[in-house]
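With chain A held as given, fit chain B onto it using these hints.
These protein sequences, in sequence, are chains A and B. Residue numbers for the first sequence, in this note's numbering: 1 to 128. Residue numbers for the second sequence, in this note's numbering: 1001 to 1169.
Check before you lean on any hint, since a few could be wrong.
[Stated by the list, open to error] With the Cβ distance kept under 10 Å, some of the chain B side facing chain A (calculated, not the full set):
no. : residue
1   : 1079
2   : 1098
3   : 1125
4   : 1128
5   : 1130
6   : 1132
7   : 1135
8   : 1137
9   : 1138
10  : 1139
11  : 1142
12  : 1161
[Unchecked claim] A few chain A residues that face chain B, going by a derived Cβ cut-off under 7 Å, partial list only:
no. : residue
13  : 7
14  : 12
15  : 15
16  : 19
17  : 30
18  : 102
[As the list claims (entries may be wrong)] Beyond 12 Å from chain A on every Cβ pair, some chain B residues (computed):
no. : residue
19  : 1007
20  : 1008
21  : 1010
22  : 1014
23  : 1018
24  : 1043
25  : 1061
26  : 1065
27  : 1066
28  : 1070
29  : 1072
The hints are simulated quantities; they were obtained by calculation from the structure and are not laboratory data. Fair warning: this is a prediction, and the values are worked out from it, not measured in the lab. No residue lacks a Cβ here, since even glycine has one placed at the ideal position from N, Cα and C.
The residues making up each chain are set out below.
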Amino acid sequence: MEAKRKRFGRNDLLLVAGLLLLGVALTLALGVNRRDGREVVVRVDGEIVARLSLSEERELPIEIDGRIANRLQIADGAVRMIEADCPDKLCVRKGAVRYVGDGIVCLPHRVVVEVAGEDELGLDAVAG
Amino acid sequence: MKGRSRGKVVARFGLLAALALILSWLESLVPAFFAAPGMKLGLTNLVVLVALYRMGDRAALGVNLLRILLAALLFGNGYSLAYSLAGGLLSGAAMILLKRCGRFHMTAVSVAGGLMHNVGQILTAMLLLDTWQLAGYLPVLWIGGMAAGLIIGLLGAELTRRLPPELFD
Chain A
1 MEAKRKRFGR
11 NDLLLVAGLL
21 LLGVALTLAL
31 GVNRRDGREV
41 VVRVDGEIVA
51 RLSLSEEREL
61 PIEIDGRIAN
71 RLQIADGAVR
81 MIEADCPDKL
91 CVRKGAVRYV
101 GDGIVCLPHR
111 VVVEVAGEDE
121 LGLDAVAG
Chain B
1001 MKGRSRGKVV
1011 ARFGLLAALA
1021 LILSWLESLV
1031 PAFFAAPGMK
1041 LGLTNLVVLV
1051 ALYRMGDRAA
1061 LGVNLLRILL
1071 AALLFGNGYS
1081 LAYSLAGGLL
1091 SGAAMILLKR
1101 CGRFHMTAVS
1111 VAGGLMHNVG
1121 QILTAMLLLD
1131 TWQLAGYLPV
1141 LWIGGMAAGL
1151 IIGLLGAELT
1161 RRLPPELFD
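For reference, chain A alone in the conformation it holds in the complex (with noise of 0.2 Å):
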């Protein structure tokens, strides 16, 4: 062990490289169909307990064990979490999201918002 001086050699940098570039290839996948969102669901522990359409301004306050643990907001075309009881906060951090596919989560409460375009409405229904 105390022979071995080098610390990263070819193989290493190779491996590294290779998985940073796998990343880039997800990241590229993933994001390549950037379009507008049409409407937003809002999911508690898998179960879909609202949708809204994107394009009207509102608020909604979600309940999880009867007290008032998030708030998400609807505006300009796009939703972000304004406000969070959770100690951590980031998804009020995380800011608003337009995009189809595109979304917010609390994992503390389990809240999961997604941006759904117009065809992923029928499938979504089906697949529900």
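Just chain B, lined up with the frame of chain A:
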């Protein structure tokens, strides 16, 4: 191997598991200041790495599992157990396999481990929350996992070099 008694092995194992647990707890105190849920440095992986390179596959896996179970009991819940189990096992398996094939140094092994940890967690979240939507977090967690793995790997390589070999024989 000489002078190795069962008691010594158990004591060392307990020591490492306790160390991993403490690091786990320390990290849970640091508020999440990163862009995605579950993103952190993974200090406990330092202990797992050292165990892997100085004590072998089974010790690394054992320390990791024990730490995950204890951490979930002490400051987690069923959900956090599922997340850390998926992340820990996937990253542990990846690191053991990469180390076994013998072509990579510790740092690269750790990079792959950090990455697979996040991949495991995001897959668990997708399953638990029943949505593909989380794929949007993949890029951040991908790069984040690799970066965290790199830092831990460099630290781990330094640690295994400097820790007295008597500690492990």
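Taking the hints in turn, this is what the structure says about them:
1. For residue 1079 of chain B, the interface hint holds, since its Cβ comes within 10 Å of a Cβ in chain A; the closest pair sits about 8 Å apart.
2. The restraint placing residue 1098 of chain B at the interface with chain A holds, with a minimum CB-CB distance near 8 Å, inside the 10 Å limit.
3. Evaluation of the residue 1125 of chain B hint against chain A yields a held restraint, the C-beta minimum of about 7 Å falling below 10 Å.
4. Checking residue 1128 of chain B against chain A: minimum C-beta separation of about 8 Å stays under 10 Å; hint holds.
5. The beta carbon of residue 1130 of chain B comes within 4 Å of a beta carbon in chain A, closer than 10 Å, and the hint placing it at the interface holds.
6. Given hint, residue 1132 of chain B at the interface with chain A, holds; its Cβ is 8 Å from that chain's nearest Cβ, closer than 10 Å.
7. Given hint, residue 1135 of chain B at the interface with chain A, holds; its Cβ is 6 Å from that chain's nearest Cβ, closer than 10 Å.
8. For residue 1137 of chain B, the shortest C-beta to C-beta distance to chain A is roughly 7 Å, which falls under 10 Å, so the interface hint holds.
9. Checking residue 1138 of chain B against chain A: minimum C-beta separation of about 6 Å stays under 10 Å; hint holds.
10. Of the supplied interface hints, the one on residue 1139 of chain B holds, with its beta-carbon coming within about 4 Å of a beta-carbon of chain A, less than 10 Å.
11. Checking residue 1142 of chain B against chain A by beta carbon gives a least distance of about 4 Å; that is within 10 Å, so the hint holds.
12. Evaluation of the residue 1161 of chain B hint against chain A yields a held restraint, the C-beta minimum of about 7 Å falling below 10 Å.
13. A cut of 7 Å between beta carbons decides the hint on residue 7 of chain A: the least distance to chain B is about 5 Å, and the hint holds.
14. Restraint check, residue 12 of chain A versus chain B: the minimum CB separation of about 3 Å is within 7 Å; hint holds.
15. The restraint placing residue 15 of chain A at the interface with chain B holds, with a minimum CB-CB distance near 5 Å, inside the 7 Å limit.
16. Interface restraint check for residue 19 of chain A: the shortest CB-CB distance to chain B comes to about 6 Å, inside 7 Å, so the restraint holds.
17. Evaluation of the residue 30 of chain A hint against chain B yields a held restraint, the C-beta minimum of about 6 Å falling below 7 Å.
18. With 7 Å as the threshold, the beta carbon of residue 102 of chain A comes within range of chain B, its nearest partner Cβ sitting at about 6 Å, so the hint holds.
19. Its beta-carbon lying about 25 Å from the closest one in chain A, residue 1007 of chain B satisfies the requirement of being farther than 12 Å from that chain.
20. With a cut of 12 Å on Cβ distances, residue 1008 of chain B stays outside the contact zone with chain A, its closest approach being about 20 Å.
21. For residue 1010 of chain B, the condition that its CB be more than 12 Å from all CB atoms of chain A holds, with the nearest at approximately 24 Å.
22. Here residue 1014 of chain B stays apart from chain A, with its beta-carbon at least about 24 Å from theirs, past the 12 Å limit.
23. Its beta-carbon lying about 25 Å from the closest one in chain A, residue 1018 of chain B satisfies the requirement of being farther than 12 Å from that chain.
24. Every Cβ of chain A is farther than 12 Å from the Cβ of residue 1043 of chain B; the closest lies at roughly 18 Å, confirming the non-interface assignment.
25. Separation of residue 1061 of chain B from chain A is adequate, the least Cβ-Cβ distance of about 21 Å exceeding the 12 Å criterion.
26. Annotated as non-interface, residue 1065 of chain B keeps its C-beta farther than 12 Å from every C-beta of chain A; the closest such distance is 23 Å.
27. Every C-beta of chain A lies more than 12 Å from that of residue 1066 of chain B, the closest at about 25 Å, which supports listing it as non-interface.
28. Every Cβ of chain A is farther than 12 Å from the Cβ of residue 1070 of chain B; the closest lies at roughly 21 Å, confirming the non-interface assignment.
29. Against the 12 Å criterion, residue 1072 of chain B stays outside the reach of chain A, whose nearest CB is about 15 Å from its own CB.
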